[in-house]
Each structure stands twice: as structure tokens, then as C-alpha cells.
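In the working numbering, the protein residues as written are 197 to 305.
These aren't lab readings, by the way, just hints derived from the structure by calculation. Treat the numbers as computed from the prediction; the structure is a model and nothing was measured. Do not rely on the hints blindly, as some may be mistaken.
[Claimed, not checked] Computed cross-link-like contacts, BS3-like style, restricted to lysine-lysine with a CA-CA straight-line distance of at most 30 Å: (1) Lys205 x Lys231; (2) Lys236 x Lys217; (3) Lys285 x Lys236.
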Amino acid sequence: MADPCAEFKGMNSFWDIPGMKAGVITGDLAWKLLKYCKAKGFALPAFNCTGSSTCNAVLEAAAKIGMPAYIQFSEGGSAFFAGKALDNKNKEASILGAVAGAHYVRAVA
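I would like the entire structure built from these sequences, with the hints used as guidance.
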């Protein structure tokens, strides 16, 4: 079976991945980034964000060191992002917070 990451072994930078861009990536491009990381022997860090300040910190740090990072929203972190005053019955606050966080990151990334 062929190595699914072989195409990335000769690349010098994740910026060499076709279609790579600054900001939020999804789908096939995100999958290619993971395969690049595997080919190069490193992992991408994922940071659980609970508000705009933690999102900003991750984005600024990733930009400063010139490396990608994952921003993730846990159930509790998402509810906190939406606001602790919101009732989280049936996970509505968690869903709202995750969507709001994703929109925020896309807007500022």
C-alpha cells in the first residue's frame, strides 16, 4: 500500500501545500495539512478557547512563530463563549457559543 503522505515529504514548508492560505482552512486543505504534519513527524497543537481573548492569544502566537494551530471549542468552553448567564439546557448555549466562536475566528484570522 502506498504511503498517503509521500507527496508531502519533499516539501520544505506547509506553505508549499497547494492551496494553502493564511486564515481558517477546512475540508481537503485541512486534511492535506494533517498529512504534511505526519510526513514531517510533528503534530499540530489544539487549543480549547473560551472567549475572544483566548482565540486572539492563539492566533497571535501562531502568527508570531509562523506555524499553524487548531482552535477548538469544547462543550463547556462554547457555553462560556456564549455567556455564563445563558441556560445550557439541551446544550443550546454550547451550540450558540461554538458557532459564535467559529464566526469570530473566521472574522479575525
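* When you check the alpha-carbon spacing of Lys205 and Lys231, does it fall within 30 Å? -> The given pair, whose Cα atoms are some 10 Å apart, holds under the 30 Å limit.
* **Given pair status - Lys217, Lys236, alpha carbons within 30 Å** => Measuring from Cα to Cα gives roughly 19 Å; hence the hint holds.
* Is the straight-line distance between the alpha-carbon of Lys285 and that of Lys236 30 Å or less? -> violated (43 Å)
Going down the numbered hints, you'll see the structure goes against just number 3.
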